[in-house]
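Residue numbers (this note's numbering), protein chains in the order written: chain S, 1060 to 1307; chain L, 1060 to 1307.
Quick caveat, the hints were computed from the structure, so don't treat them as lab data.
Heads up, a few of these hints could be off.
With a Cα cut of at most 25 Å, we get these calculated DMTMM-like pairs of lysine to aspartate or glutamate [unchecked claim]:
| hint | chain 1 | residue 1 | chain 2 | residue 2 |
| --- | --- | --- | --- | --- |
| 1 | L | K1142 | L | E1084 |
| 2 | S | K1089 | L | D1178 |
| 3 | S | K1215 | S | D1250 |
| 4 | L | K1089 | S | D1250 |
| 5 | L | K1089 | L | D1250 |
| 6 | S | K1142 | S | D1250 |
Spelled out, the chains give:
2 protein chains.
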Amino acid sequence: MNVSPSESFLPEAQFIARFHAIGEERYHHKHPFHLLMHEGKLTRGQLQAWALNRYYYQSRIPIKDATILARSEDAEFRRAWRKRIFDHDGDGTHPGGIEKWLRLVEATGLAREQALRGDAILPAVRYAVDAYLELVRSATFLEAVASSLTELFSGKLIALRMDALRRYYPWLSGGLDYFQGRLTQAPEDADFALAWVVNHARTREQQELALAALRAKCNILWAQLDALYFAYVSPGWPPPGAFQPQAG
Amino acid sequence: MNVSPSESFLPEAQFIARFHAIGEERYHHKHPFHLLMHEGKLTRGQLQAWALNRYYYQSRIPIKDATILARSEDAEFRRAWRKRIFDHDGDGTHPGGIEKWLRLVEATGLAREQALRGDAILPAVRYAVDAYLELVRSATFLEAVASSLTELFSGKLIALRMDALRRYYPWLSGGLDYFQGRLTQAPEDADFALAWVVNHARTREQQELALAALRAKCNILWAQLDALYFAYVSPGWPPPGAFQPQAG
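Could you put together the complete structure from these sequences and hints?
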C-alpha cells in the first residue's frame, strides 16, 4: 500500500468512520443470498447447504484465533483474545459456538456427521476460509487483528436474521442458540479489537493496511455466499462432488 | 484416506485409467463457461474477464513449480521439472508463457498493466489459485506432483479452444501464442509426471492420495470458472471491487 507523504494520519473518528464505510459497502449483509434468506425465500435444501458450508468457516474460527494468540507477545492482549476460543470451543459442559452450529445443522435436517466429515462442502468455500487462515498467519499482526473487525457489523445482521429465521423457517427455531450467543459476544470482541487497532496503527500507511485487511475479510465472507448462490440458487450448479439437496 | 487391507495395489494400467476417469468427470473442459467459449457465445467483456483472472493463475505457475523443485532431493527429477519454469518465465529473449498470456490479455483489449496489478481479479479466483500453492507446499511430495496431472487432459482442450477462438473471436487471433506453445509442452510434462507418479506410488493408500490430489486440482480449476460464470455470465454479479466490463 503506497501512501503519498501528503496523506496525513487520520484522526481517530475519521479512521473509525472509514471502517464503518467499508462495512456499509462490502459486508455480507448486502449479499443476495442473505437477502433471500431474510425475505423467507430460501428452500430447506438451500438452508441446509448454507448451514453445512458455513460450518467449515465456524470450525476454523478457534484455529484462526489461536493463530493470532500465538503471534502476540503481549499477555494483556492474549488474556483479552483467548475469550474467543472459549466462546467457540465451549468448556466441555456448556456448548460453544461450534457445537451450537452443529445443532443448527441438525435443525435443518442434516446429520452433524455430514458437517464434521466436510467432504461435501463447496471447494470455493474451503478456499475462501483457508485464505482467512493464511491472512492471519502471514499478514502483519495489525492486519490479522483488523481482519476481525467484520464483527463490528455482525450484531445488526444477526438480530435481523434471528427474526427472519423464526418467522419464515419456524422448523429451524430450535437451532438458533449460536446466534443468541453471538449477540453479546461479537460486540465485546469488536470493541476490544477496534480500540486495539486504533491504538496500534501509528502511521497513515498502517491505517491503510488495517482498512485493507477489513476489505479483504469482507471479500472472504462475500465469496462464500457467491459460491452458495451459484451452486444452490442460480444457476444452481454445485461442482462435482459437492452437496446435492434432495428434491422437494 | 483410509484404505481397507482388502483393497489391493492397483496394476499400472488400472491406476492410469483411474486418472483418466477423474479427468473425464471433473476436468474443466466440461465447465459451462468453457462450453460457451467454444460455442462462440462469450462477449468481449466476458473474454476480458477470463483473460484477466486467468492471468493470476498463469503468474503463479512458476512459483508452484519452483516450490515443487525446492522439495525434491533428486537431481534427475529437478533436471526434468525445471523445464516448466523456463517454459513459463522464458529466457529474457523468447517470451515465456506468462508474457504470452499478457499478449492474450492485450488482444482482448485490456492493458497488460491491469493484469500485472491484479487488483480487479475475483477474490474467489485468487483463493483457488492460492489453494493450489498451498497444496504443493504442504501435501506430500507425491500429491504435489500428482496435482500437475491435469496436463494429461489439456492438449485436447487447447486444440479445441484454438479452433474455436480463431473461428468465433477472430480479433483475438493475434494473442494465441500461449496455447500454441502449450500444445507441445503440456504432453511432455504430463508424460514425465505420470511415469513418476506411477513409479512412486508404492502402496494402494499412496495411489489413492495421488488420485485425490488430481481431484483436488480439478476442483481448483473448476472453482475459477464457477466464479467467472457467476460474476460475468449469470446472474452476472461481480463482487465489490472486481473488474466490470464496459457496456457493449
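How the hints compare with the structure:
1. For the hint pairing L:K1142 with L:E1084, the CA-to-CA distance comes to about 29 Å; that exceeds 25 Å, so the pair is violated.
2. As the CA atoms of S:K1089 and L:D1178 are separated by approximately 22 Å, the hinted pair is consistent with the 25 Å bound.
3. Using a Cα cut-off of 25 Å, the hinted pair S:K1215 and S:D1250 holds, with the two alpha carbons roughly 15 Å apart.
4. Our distance criterion of 25 Å between C-alpha atoms is broken by L:K1089 and S:D1250, whose separation comes to about 48 Å.
5. The straight-line distance between the Cα atoms of L:K1089 and L:D1250 is roughly 23 Å, inside the 25 Å bound, and the hint therefore holds.
6. Restraint check for S:K1142 and S:D1250: satisfied, since their Cα atoms lie roughly 13 Å apart, inside the 25 Å limit.
The structure fails hints 1 and 4 (numbered hints given earlier, in ascending order).
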